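Chemist: Sequence:
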Amino acid sequence: MFQVADIEQSGIPIVSLIYEDQSECFRQAALLEGSPLLRYVAVSRTMQGPEDVERFLPEVFNHLTRPLTEAEKKGGSYTINQNRILFEGTLEDAEKFYMQTERHPALRNAPIAKYTDGLPIVVPTEERVAEMLKGTSHKPDELITLQSDHGGFAFQSMGRKRTKGTPVVFRPVDRGATVEQVAVNAVMAGCTPDMFPVVLAIAESGGGGGGDGRGSVGFCVSGPIAKEIGMNFDVGLMGPGNPANRSLARAGELMWRNFGGNIPNVTNCGVMGAPLFNAIPEDLDSLPPGWKGLNEEYDFKKDESILYTFNFGRGGSTNIHRTEFSPGGYRAFVKSGHGGVARRLGVKGVPGPKNWLEYFIPGIWHDREGGITFFMLPQMAQALYDAGFKTKDAVYEWIYKASFTTMANYRTHSWVDVNTNSWLGIEPKSGKPYKELPDDYDGVSFVRDPYESCIIVTGSGEEYPQWISGRRPGTDPVYNIDAWR
Numbered sequence: 001m002f003q004v005a006d007i008e009q010s011g012i013p014i015v016s017l018i019y020e021d022q023s024e025c026f027r028q029a030a031l032l033e034g035s036p037l038l039r040y041v042a043v044s045r046t047m048q049g050p051e052d053v054e055r056f057l058p059e060v061f062n063h064l065t066r067p068l069t070e071a072e073k074k075g076g077s078y079t080i081n082q083n084r085i086l087f088e089g090t091l092e093d094a095e096k097f098y099m100q101t102e103r104h105p106a107l108r109n110a111p112i113a114k115y116t117d118g119l120p121i122v123v124p125t126e127e128r129v130a131e132m133l134k135g136t137s138h139k140p141d142e143l144i145t146l147q148s149d150h151g152g153f154a155f156q157s158m159g160r161k162r163t164k165g166t167p168v169v170f171r172p173v174d175r176g177a178t179v180e181q182v183a184v185n186a187v188m189a190g191c192t193p194d195m196f197p198v199v200l201a202i203a204e205s206g207g208g209g210g211g212d213g214r215g216s217v218g219f220c221v222s223g224p225i226a227k228e229i230g231m232n233f234d235v236g237l238m239g240p241g242n243p244a245n246r247s248l249a250r251a252g253e254l255m256w257r258n259f260g261g262n263i264p265n266v267t268n269c270g271v272m273g274a275p276l277f278n279a280i281p282e283d284l285d286s287l288p289p290g291w292k293g294l295n296e297e298y299d300f301k302k303d304e305s306i307l308y309t310f311n312f313g314r315g316g317s318t319n320i321h322r323t324e325f326s327p328g329g330y331r332a333f334v335k336s337g338h339g340g341v342a343r344r345l346g347v348k349g350v351p352g353p354k355n356w357l358e359y360f361i362p363g364i365w366h367d368r369e370g371g372i373t374f375f376m377l378p379q380m381a382q383a384l385y386d387a388g389f390k391t392k393d394a395v396y397e398w399i400y401k402a403s404f405t406t407m408a409n410y411r412t413h414s415w416v417d418v419n420t421n422s423w424l425g426i427e428p429k430s431g432k433p434y435k436e437l438p439d440d441y442d443g444v445s446f447v448r449d450p451y452e453s454c455i456i457v458t459g460s461g462e463e464y465p466q467w468i469s470g471r472r473p474g475t476d477p478v479y480n481i482d483a484w485r
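Counting in this note's numbering, the sequence shown runs from 1 upward without gaps.
Hint data in this document are derived by calculation from the structure and do not stem from the laboratory. As the structure is a prediction and not an experimental result, all values here were calculated from the model. Each hint should be verified, as a subset may be incorrect.
Claimed, not checked - Straight-line distance between alpha carbons at most 30 Å, and here's what the computed BS3-like set of lysine-lysine pairs gives:
#, residue 1, residue 2
1, K139, K401
2, K139, K74
3, K390, K292
4, K401, K390
5, K335, K390
6, K401, K292
7, K302, K227
8, K139, K164
Said to hold, decoys possible - If you anchor each label on the Cβ, the simulated ranges turn out as follows:
#, residue 1, residue 2, range
9, N83, I7, 34 to 40 Å
10, P167, G425, 33 to 39 Å
11, F404, N83, 54 to 60 Å
Built from N, CA and C at the ideal position, the CB exists for glycine as well.
Given these sequences and hints, build the entire structure.
Modeler: Okay, structure coming up:
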């Protein structure tokens, strides 16, 4: 949207083509960029292309040639009241106040919580907020800023500066926040003061709204603080029960609402949305020998704590996959070479360590592209180590090499239209434009770089890995928790 507004503000007429059901999102985004009355034409989601173009093209020409009105020339910007929201009265009345809702026509008049994520919260009294602030050395009125440089173009910043000291903005409405305001949300989420440095790192990352305000953000804590605050490393770490795992992620959700201004179909056009996901810890104690934790992968020390952020899927929807083996199937394959897994890989009856990734990796790019982030159980990571992968890097390199395919197959995917610049870009291995490569060319890869994949060793129980989309090239998804102590 900022590109569209920049063009209009430079004096060049512009008209956007959008879907009618996204008109409120468009108006809010235009207001955020200082041009609240940007012109648009609604296109159909279902009408055939030629028919739809014939219908809307006259309206496009009309908008491009009709002079701007006085109201359109004035512009405007979105402002939010930064005053503290406090309630004086009984605890019962305060709970009702903070749980109030507002109805939105864009949601067919459905109610949306005004200050919360829709669940009951701990009322943020002055005393509770003051106690939370004891968890950090930073001053209450300090603005949340980046504590270190974040190199490269980071998607989550939407092209904005990512240097140390830059104020953090919370998507989708780009509001800032202070340490005290983060503390209020931490109290509401049920966090404790010892968790507060992690909450502040979540705030530094932009909260739960992600780069474009559509959510689907996950958090992984790597380092000693995960044990200090009592995070669950074992069975059920992604489910309910553990206060630290659950409340840390919820703090991100609350910041998304209260700082980011998240309202579905008004400021946020994510399609299905994403359910509340727990923050999870990385089990550094269970890493195979020679395997680095996320903190060391990003050049921190073993005794330093960092927050790693990841995306569940595109478009604000959860996209977590599970590759499951039948009861005992994985163990039979690894221990003695029996069962269907061994048959598929041609090692039936062969005992000893094996690369279990070979079982499902050929089908992982059936309907997607890009690297993979694994939530890998310790015993499965150890099995890969025993099979010859002495470092995580070796696994990343293997996944990268396994992702090569033919152009005939590559052309049947959707996101490659974007990744290849509509096929006009240069394919790295051949040095030729993608559009010039023959169907039988087999040097094109679904993974652009080995380090587009990621392994998070955590959890326990019956053997199966869960996975989501991998790291985005050119982003820096790590934030120093210790900087907020």
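Chemist: Is the straight-line distance between the alpha-carbon of K335 and that of K390 30 Å or less?
Modeler: holds (19 Å)
Chemist: Would the hint linking K401 and K292 be met if the CA-CA limit is 30 Å?
Modeler: Satisfied, since the Cα-Cα distance of roughly 21 Å is no more than 30 Å.
Chemist: Does the structure keep K302 and K227 at a Cα separation of 30 Å or less?
Modeler: holds (13 Å)
Chemist: Evaluate the given range 34 to 40 Å for the C-beta pair formed by N83 and I7.
Modeler: Between N83 and I7, where Cβ atoms are some 35 Å apart, the hint holds.
Chemist: Can you confirm whether the C-alpha distance between K139 and K164 stays at or below 30 Å?
Modeler: holds (18 Å)
Chemist: Is 54 to 60 Å a correct range for the gap between the Cβ atoms of F404 and N83?
Modeler: holds (57 Å)
Chemist: Would the hint linking K390 and K292 be met if the CA-CA limit is 30 Å?
Modeler: Status holds; Cα separation ~10 Å.
Chemist: Is the straight-line distance between the alpha-carbon of K139 and that of K401 30 Å or less?
Modeler: violated (49 Å)
Chemist: Holds or violated: are the alpha carbons of K401 and K390 at most 30 Å from each other?
Modeler: Since the Cα atoms of K401 and K390 sit roughly 17 Å apart, the hinted pair holds (cutoff 30 Å).
Chemist: Quick check on a hinted range of 33 to 39 Å for P167 and G425, using CB atoms only.
Modeler: holds (35 Å)
Chemist: Against the 30 Å threshold, does the CA-CA distance of K139 and K74 hold or violate the hint?
Modeler: Between K139 and K74 the Cα gap is close to 39 Å, so the pair fails against 30 Å, i.e. violated.
When the structure is compared with the earlier hints, violations turn up for hints 1 and 2 and for no others.
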